[in-house]
Amino acid sequence: MIDRLIRFQSVLGWLTLAMLAAGLYLVLTAPADFQQGGSVRILFMHVPSAKMALLCYVALSVASILYLWKRWEGADILSEALTGVGMVFTAVTLASGSIWGKPMWGTWWAWDARLTSMLVLLIIYVGLMALRNGIEDPVKSARATAVLALVGAVDLPIIHFSVKWWRTLHQPASFTGSGAPKIVGPLLTPLVVMAVAFIIMGTYMTVVRARTIRAQRQLEALEEEKSWQDDR
Amino acid sequence: MLRAAYRIAWKDVVGDFRRRATLSSMLFFAVAVLLVFQAAFEPDRSQALRLVPGLLWATVLFTSLVGLGRVFQAEEENGALEGLLLAPLPHGVIYFGKWWGNLALTVLVELFLTPVTLILFNVDAWDRLPAILGVLLFGTLGLTGLGVLLAALTQAARSRETLLALLLLPLAVPLLIAGVQATAAVLTDMGSPWPWLRLIAIFDVVYLVSAPWAFAWLVEE
Chain E
1 MIDRLIRFQS VLGWLTLAML AAGLYLVLTA PADFQQGGSV RILFMHVPSA KMALLCYVAL
61 SVASILYLWK RWEGADILSE ALTGVGMVFT AVTLASGSIW GKPMWGTWWA WDARLTSMLV
121 LLIIYVGLMA LRNGIEDPVK SARATAVLAL VGAVDLPIIH FSVKWWRTLH QPASFTGSGA
181 PKIVGPLLTP LVVMAVAFII MGTYMTVVRA RTIRAQRQLE ALEEEKSWQD DR
Chain W
1 MLRAAYRIAW KDVVGDFRRR ATLSSMLFFA VAVLLVFQAA FEPDRSQALR LVPGLLWATV
61 LFTSLVGLGR VFQAEEENGA LEGLLLAPLP HGVIYFGKWW GNLALTVLVE LFLTPVTLIL
121 FNVDAWDRLP AILGVLLFGT LGLTGLGVLL AALTQAARSR ETLLALLLLP LAVPLLIAGV
181 QATAAVLTDM GSPWPWLRLI AIFDVVYLVS APWAFAWLVE E
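So the sequences go chain by chain: E and W. According to our numbering, the first sequence holds residues 1 to 232 in order. According to our numbering, the second sequence holds residues 1 to 221 in order.
Take these hints with a grain of salt, some might be off.
To be verified - Some residues of chain E that are not near chain W, with every Cβ distance over 12 Å (derived):
hint : residue
1    : A21
2    : V58
3    : E73
4    : M104
5    : W109
6    : T116
7    : R143
8    : A144
9    : F161
10   : W165
11   : R167
12   : I213
13   : S227
Said to hold, decoys possible - Selected chain E positions facing chain W (in silico; Cβ < 7 Å):
hint : residue
14   : D155
15   : L156
16   : S162
To be verified - Computed list of chain W residues with no C-beta within reach of chain E, every gap over 10 Å:
hint : residue
17   : F17
18   : L108
19   : V116
20   : T154
21   : L167
22   : P170
23   : P174
24   : D189
Since the hints were derived computationally from the structure, they do not count as laboratory data. Just so you know, even glycine gets a beta-carbon here, dropped at the ideal spot from N, CA and C.
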C-alpha cells in the first residue's frame, strides 16, 4: 500500500505547493473581518490544522486496528508516520490558537473543552512517540503503540465530553470564539481552499515520512544481518 | 476462570505483604504528597474544605503510580510473565487477576489515606467519611483498570515509570474531574454528586470492558 502511495509522492508535493500558494493568495487578499480585523487570517491556518490534527488521529486509529488485526507491517509504518505528522499539526493548532487568542480573547489560554482536549491530544501524540522509542523489540513496540493509540481514541471523546460538562455546569462558556457567527462567502472560499491544501499537505508529509521510516527499518535489518554474518 | 484470576491477585497481594514492598511505599508516598500539598497551599479551615477533594484525588492519582509501576515487576525480573501467559487461560483473565491485585492494594491505601487527609487538613466531616470513601473506591475501579493496562503497555520500555506517568495522568483527566466534583458535592452539599458518579461509571465500564481485550492483543504471540 505504501508503494502505491509513494508513486504519487511528487504529484502530491507539487499539488501541495500549488494549493498552498493559491490558498495564501486568497487569504491575504480577503477582506479583513469587521470585528477581528486582520488577525482573522490566523484562523485560515488554525482551523485546517485543527481538522488535520484530528483527521491524523482517526487515520492512526484505523492503521492501529489494521496492524493489530492483520499484522501488516505497512500499517505500523503508516501509524508511526501519522504520529509525527499529527503531532506537528496539533502543535501548530495550539500555537496559532494562542497567538489568535491573545488579541481576541485577551488571554493566551483558556481551559475550555476544545483547548483542553487538544492539549491532551498533543500529550498522547508525544506519549505514542516516547512509547515507540522506549521499547527495543520492534514487534513489542509496534503492538504496544497500536494498543495505546486505541486507548487514546477511546479516551479523547470522554475527555472532551467531561471538560465540556464540567465547564457548563460551573459557568457558561466565557468565550464563544468560534461557531457563533456564520462565515460569509468572501472568507469561506479561502478557508475551503486552505482546508483542501492542508489535507493534501498532510498526505504528502505522511507519504514522505512513511518512506523514510521504511528505508530506516530496511537499513536496520540489513545492518543486523551484516553483523550476524560478521560474527560467523 | 474467576478462581484463576483470584489466584493471581492473591499471589500478588500476599507476595507483596511478605516482602513489605509496594503497600508500605505507597502509604508513605501518600503521606509525603499530603505534606507537599500542605506546604505548597497552606490552607486555612475554609480553604481546606474547598481544596480537600482535589488534594485527595491528586494524592490518590500520584500514589497509584507507585503501585502501578510494580504490577508487572516481579514477573519482569524473573521472566515469569511468559510462564503466566502459558497458563491455559484466556489472557483477559490474567489481566483481571493483575487488576484485582492492584485494586486491593490501592483500596487499602485509600482506606488509610482518606481519614488521614481529613485529620491533617482539619476538615470535620466524619459523618460523610463513608460517602467520600464510596466515591473514591468507585473511581478507583476505573483508575486501576486503566492503570494496569498502561503498566502492561510500558513494562518492556526503558524508562517505564516515567512513561507510565506521562500516559496515565492525561488519560485519567475525566476521572479526576468527575471524582473531584462528586467528592466536593458530597463534602459540601453543593450540587448533586449523581451526574458525576454517572461519568465515573462510564469511565469504569469503558475501561473494564475494553482493557482485557487490549491486554490480550498486546501479549498475544
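Hints and how they fare:
no., hint, in the structure
1, A21, "holds, 38 Å"
2, V58, "holds, 18 Å"
3, E73, "holds, 16 Å"
4, M104, "holds, 26 Å"
5, W109, "holds, 16 Å"
6, T116, "violated, 8 Å"
7, R143, "violated, 6 Å"
8, A144, "violated, 5 Å"
9, F161, "violated, 8 Å"
10, W165, "violated, 7 Å"
11, R167, "violated, 10 Å"
12, I213, "holds, 19 Å"
13, S227, "holds, 21 Å"
14, D155, "holds, 5 Å"
15, L156, "violated, 9 Å"
16, S162, "holds, 4 Å"
17, F17, "holds, 30 Å"
18, L108, "holds, 27 Å"
19, V116, "holds, 28 Å"
20, T154, "violated, 7 Å"
21, L167, "violated, 5 Å"
22, P170, "violated, 4 Å"
23, P174, "violated, 4 Å"
24, D189, "holds, 16 Å"
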